[in-house]
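So the chains spell out like this:
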Amino acid sequence: MSAIYILWLRELKRYVRSKAQIAASLGQPLLYLLVLGFGLGPVFQKAGNGSYLQFVAPGVISMTILFSAIFSGIAMLWDRQFGFLKETLVAPVPRIEVMIGRTLGGATVAVIQGTLILVVCLIAGFRPVQLSMLPLAFVFMALIAIVFAALGTAFGSILQDMQGFQLIMNFMVLPIFFLSGALFPLTNLPRALAIITRLDPLTYGVDALRGVLINASHFGLALDVSVLCTIAVAFLSLGGYLFSKVQL
Amino acid sequence: MIQVQNLVKKYGDFTAVNDISFTVEAGEIFAFLGPNGAGKTTTIKMLTTLLTPTSGKIQLDGLDPTVHKNEARRKFGIVFQDPSLDSEQTAYENMELHAVLYKVPRKVRGERIEDLLKLFELWERRDDIVKTFSGGMKRRLEIARGFLHTPKILFLDEPTLGLDPQTRNQLWTHVKHLNETQRTTVFLTTHYMDEADRVAHRIAVIDHGGIVAQGTPQELKQQTNSESLEQAFLSLTGSSIRDESATSADQLRQVAKMWGRR
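From first to last, the protein sequence lines are chains A and B. The letter at position 185 of the first sequence is residue 178 when you use the numbering used here, and the numbering goes up by one with no holes. Count along the second sequence from 1, then add 1181; that gives the number in the numbering used here.
Looking at chain A on its own, in the form it has when it is part of the complex (with noise of 0.2 Å):
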């Protein structure tokens, strides 16, 4: 336990420490919430379906939340190549302890980012509808944010180099945002689109926060935390079997 513990803080210290990289990472939210938030708004409004603001808070948390999750399982290529991973691998440690250290540290790193993003949403304008279902919200991000902290963990444990990585950001973490219904409603949609939506487990994720924040769930709670609690554990156990091939 004390292992997962150090491990945890580690990576809460370590965010803590790059005042630079917290203020990037926020960067590109900021970009969807503002420009799509006010841009879209008008066009969003006359088809009849509110405020786009109001419908693309939840996505844009979601979003922070995913990124900031996986980049969390990517960044051990940082500990790969710099050799700290050597390091907590040798260690008399189990390997699934460590895995667990990381990922959950990268996820409480992830549900902070959320955190800031929401509260940006806040001033930005963005109201609940209920403030006592806010409480739910932090359950949900944090479930988002395990699930994909262990996929991160998963590719982080495959990943040899950069070019990797360029590979990893397009063809999986893009494709799950864009396809997740953070930016657009999921009613109506083109079959073929509808059906990959639904693959997206990220579509869960934003959809509960949907249903928590703005009262707007399109598969309902219990659908979306069945799903979610399912592909968590088996991220986890994936991240877990690739973490323990792991070798230097």
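Keep in mind the hints are simulated off the structure, nothing from the lab. Certain hints may be false.
To be verified - Sample of chain B residues at the chain A side, in silico, Cβ under 7 Å:
| # | residue |
| --- | --- |
| 1 | L1231 |
| 2 | D1263 |
| 3 | D1267 |
| 4 | L1278 |
| 5 | L1282 |
| 6 | V1285 |
Ideal placement from N, C-alpha and C gives every residue a C-beta, glycine not left out.
Based on the hints, put chain B in the right spot on chain A.
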């Protein structure tokens, strides 16, 4: 304490370690010498569970590290050839993290960290982030960290690379002390023959993945009719210079330098 039989590691067509066998007795200081790319580090990686051998048998204190990974990891400590510090944490935090991972009892933790940081003259800088350290200081911290817990077997992979004579002396004195008082078995590699001559009880010379000679420093010198271990080493391995190809790690370090990260 360490038994290796017919150990082989292949990467595709390339054989990094080719059918080596040796035994290190408990309480022995064993030096593993060889030119660059001879297979020293690959062997250490297999002994320390970082790499799975292609074939062959290893036993560490009676345990097979490919099967009983965790139990085997409890037996040894290691100082790596290349950096393995967390450069975003302070010196003290690095030591503390290591102490927790290796389950150094909480009671002695603070005291031992202080002793070692003082011994390697890093105590004043304990609260500085490691990335602000010079190369020599980082190296000293790695070594101090390696001594934090007291394992049965200590692996030292070119521990003195880039160290000044003072620290080098400090290091070997400490290693000898551990070996004499705790009967720690030491398995080391180095390019400095005088060091091996000074501390090692027995030596194996490895070249092109195979062991070309084994014995006490004295025996090796007699075998080759040499006056110094350096001469013996050269006559065993030839005088041509070896090149190691850059790994993806080296390439990434280049990229990292370019982007100014760490």
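Quick rundown of the hints versus the structure:
Residue-level restraint check for B:L1231 holds (minimum Cβ-Cβ distance to chain A is 5 Å; threshold 7 Å). Taken as an interface hint, B:D1263 checks out: its beta carbon lies about 6 Å from the nearest beta carbon of chain A, inside 7 Å. At about 5 Å, the closest approach between the beta carbon of B:D1267 and any beta carbon in chain A falls short of 7 Å, and the interface hint on this residue holds. Hint on B:L1278 holds. Least Cβ distance to chain A is approximately 5 Å, under the 7 Å limit.
Interface hint status for B:L1282: upheld, as the beta-carbon distance to the closest one in chain A is roughly 4 Å, under 7 Å. The beta carbon of B:V1285 is not positioned within 7 Å of any beta carbon in chain A (closest approach about 11 Å), and the interface hint is therefore violated.
The earlier numbered hint that this structure contradicts is number 6, and it is the only one.
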